[in-house]
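Given the structure of chain A, go ahead and fit chain B onto it with the hints provided.
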Amino acid sequence: MRTFEFTRASDPAAAVRAGAQAKTAQQGADVRFLAGGTTLLDLMKLNVETPARLVDIMRCSAPPGPPLRATSISPSPRTTHTSTKIRVVMRGGNLPGRAARDAAGSSSPP
Amino acid sequence: MADDAPARRPDLTRRAFLTAAAGASAASALAGCAPTSLAAPRAAAAVDDPPTAGAVPVTLRVNGKEQRIRVDPRTTLLDCLRETLLLTGTKKGCDHGQCGACTVHVSGRRVNSCLSLAVMHDGEEITTIEGLGEGYLGEGLGTPEALHPMQAAFVAFDGYQCGYCTSGQIMSAVALLGEPCGPEDADVKELMSGNICRCGAYPNIVAAIQRVRRGA
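Protein chains in written order, with the working numbering: chain A, 1 to 110; chain B, 1 to 216.
No lab work stands behind these hints, which were simulated from the structure alone. One thing to keep in mind: the hints can contain errors.
[To be verified] What follows is a list of derived Cβ distance ranges for each label pair: (1) 200/B with 59/A: 37 to 43 Å; (2) 12/A with 124/B: 20 to 26 Å; (3) 86/B with 2/A: 24 to 30 Å; (4) 5/A with 199/B: 38 to 44 Å; (5) 59/B with 39/A: 23 to 29 Å; (6) 50/A with 177/B: 36 to 42 Å; (7) 16/B with 50/A: 37 to 43 Å.
We treat Cβ as the ideally placed atom computed from N, Cα and C, and that holds for glycine.
So that you can see chain A by itself, here it is in the shape it has in the complex:
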């Protein structure tokens, strides 16, 4: 993995300022946002992604939860899968995708 400068953004404005220093927002960007790491660090290990700066946005003061509507979920980039699931289930909603299928057909073999 190429080395990088690690910084932490405390609020969204700071993250946006840091992101504005990138050459481009697409491939080849030298600033990348870190929102957990599971889709970035694996690519950095393979030198697919080689950012010069990583901006950690996990502690941004933006509200962490997904705004829920009747039929859809709009998670923010730092919303975790688990927290989404917890919120949907606690509000009596249905889980999308495989989780819903498993819940519906849990007595049949997978």
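Only chain B this time, still in chain A's reference frame:
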């Protein structure tokens, strides 16, 4: 060793022996090239130590104990736990977030420590397999006599064969207890789907988890 039958000493663990043997052989191979630092166990570097290039100070609270260390920003949480803090109960499987062997708890949530940087977790609470169970002594060692109920259930139900994925499986299973999960085996399988077991101990793993969930 002079004896042809190796004496069984209670104070000599396999890991300590291998670490010492590897250190000694490396030191003799590189005699003159700072052998003292090679032979000495790599204990956690204190913040007072001279800084290495590019290293950043990080404070982690691991299994209830505060650890002030310096790490290269590229160091994953997994490598930090294993190589710097010498907590080798957490295993490196694929190192790409696909197998779950490296699962630990960060502030009570399960994460793949191989896809997480140590510097991201400054000030956060980390729990590894060593920190489970009432027998945890605060020195990186629990006792087999006081296992976490999930650890005991894995033993009772043979939830492993080779054991390599087991610490990750148990950390995931313990986190699962606090997550919304339906009552069926299929619900457990879905929530445990991030942990791969190449030996195929899945039926026993699910049985162990269900036993703990049902409080029996």
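Each hint, compared with the structure:
The given range of 37 to 43 Å is respected by residue 200/B and residue 59/A, whose C-beta atoms sit roughly 40 Å from each other. About 21 Å separates the C-beta atoms of residue 12/A and residue 124/B, a value consistent with the hinted range of 20 to 26 Å. The hinted range of 24 to 30 Å is satisfied by residue 86/B and residue 2/A, whose Cβ atoms lie roughly 27 Å apart. The hinted range of 38 to 44 Å is satisfied by residue 5/A and residue 199/B, whose Cβ atoms lie roughly 42 Å apart.
Checked against the given bound of 23 to 29 Å, the beta carbons of residue 59/B and residue 39/A, roughly 27 Å apart, stay inside it. Separation of residue 50/A from residue 177/B is about 40 Å and conforms to the stated range, judged on CB atoms against 36 to 42 Å. As the Cβ distance of residue 16/B to residue 50/A is approximately 39 Å, the hint placing it in 37 to 43 Å holds.
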